[in-house]
Structure formats: C-alpha cells, structure tokens
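Trainee: Taking the hints into account, I'd like the entire structure generated from these sequences.
Residue numbers (full-length UniProt numbering): 1 to 88.
There could be a bad hint or two in this list.
Using 30 Å as the maximum straight-line C-alpha spacing, the simulated DSS-like pairs for lysine-lysine come out as follows [said to hold, decoys possible]: (1) Lys60 <-> Lys17; (2) Lys29 <-> Lys56; (3) Lys12 <-> Lys23; (4) Lys60 <-> Lys13; (5) Lys29 <-> Lys17; (6) Lys61 <-> Lys29.
Label-pair restraints from in silico Cβ distances [what the hints assert, rightly or not]: (7) Asn69 <-> Gly11: 28 to 36 Å; (8) Tyr86 <-> Arg15: 17 to 25 Å; (9) Thr71 <-> Gly11: 17 to 25 Å.
These are computed hints drawn from the structure, not numbers from a lab. Every residue, glycine too, gets a C-beta built ideally from N, C-alpha and C.
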Amino acid sequence: MIEITVNDRLGKKVRIKCNPTDKIEDLKKLIALQTGTRQAYLQILNDQSINFRPDKIQLKKWNIIYKDNITLQDYEIHDGFNFELYYQ
1 MIEITVNDRL
11 GKKVRIKCNP
21 TDKIEDLKKL
31 IALQTGTRQA
41 YLQILNDQSI
51 NFRPDKIQLK
61 KWNIIYKDNI
71 TLQDYEIHDG
81 FNFELYYQ
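Mentor: In structure tokens:
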C-alpha cells in the first residue's frame with residue numbers, strides 16, 4: 001500500500017492510499033470519491049445514483065499527462081508521490 005498526495009492547485013490537497021498495481025483510472029476513482037464534483041453534488045440533491053465523474057479528472061506531473069490504462073507501478077510511482085490535479 002502506498003500513499004499519494006494530489007494537489008488541485010486551489011489549496012486543496014488530498015492523500016490517497018492505493019496499491020502499486022492499481023491503474024491510473026482506479027486512482028482517479030478514489031480521488032473522485034474523496035473530493036467529489038459538482039455533478040456528484042447535484043445528483044445527491046436530486047436523489048439520483050451518485051456519479052463522481054472520474055473521467056473529468058486529469059493527473060499531471062510537470063508536462064506528463066498520465067494515461068488511464070497504465071498502472072502506477074509501470075509509471076514508477078512510489079510512496080509519497082505528488083500529482084497535480086486538473087479538471088477537464
């Protein structure tokens with residue numbers, strides 16, 4: 001189990017615990033569950049099924065955009081790694 005920090009550049013930092021064998025897509029789902037989005041908030045108000053929209057999240061570090069189908073291990077992401085969070 002590793003812990004990754006995600007910074008949305010607006011003052012919000014989230015720590016996510018995940019496995020090195022998880023894909024970036026799985027990490028995005030964990031981030032979406034912890035942070036939520038406006039879409040999720042509106043669906044909760046309307047008593048609809050909750051959809052946290054991980055497809056709207058983009059993870060970057062420097063100029064690298066991380067692709068959904070590749071594992072954290074393949075990207076050599078380790079404990080204590082920091083991502084920059086962008087919304088599409």
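Trainee: If a hint holds in the structure, say so; if it doesn't, say that too.
Mentor: Now for the hints, and whether the structure bears them out:
1. A C-alpha spacing of about 18 Å is found between Lys60 and Lys17, which places the hinted pair at or below 30 Å, so the restraint holds.
2. Annotation: proposed proximity of Lys29 to Lys56 holds, straight-line Cα distance about 10 Å (limit 30 Å).
3. Proximity of Lys12 to Lys23 is assessed by CA-CA distance (about 23 Å); at most 30 Å being required, the pair is judged to hold.
4. Between Lys60 and Lys13, the direct Cα distance comes to roughly 14 Å. Compliance with the 30 Å bound is thereby established for this hinted pair.
5. Note on Lys29 and Lys17: the hinted pairing holds, with a Cα-Cα distance of about 12 Å set against a maximum of 30 Å.
6. At roughly 18 Å between alpha-carbon atoms, Lys61 and Lys29 fall within 30 Å of each other, so this suggested pair holds.
7. The given range of 28 to 36 Å is respected by Asn69 and Gly11, whose C-beta atoms sit roughly 31 Å from each other.
8. Under the hint 17 to 25 Å, the C-beta atoms of Tyr86 and Arg15, about 18 Å apart, fit the expected range.
9. Between Thr71 and Gly11 the beta carbons are some 30 Å apart, a value that contradicts the proposed interval 17 to 25 Å.
Consistency with the previously given hints fails for number 9 only.
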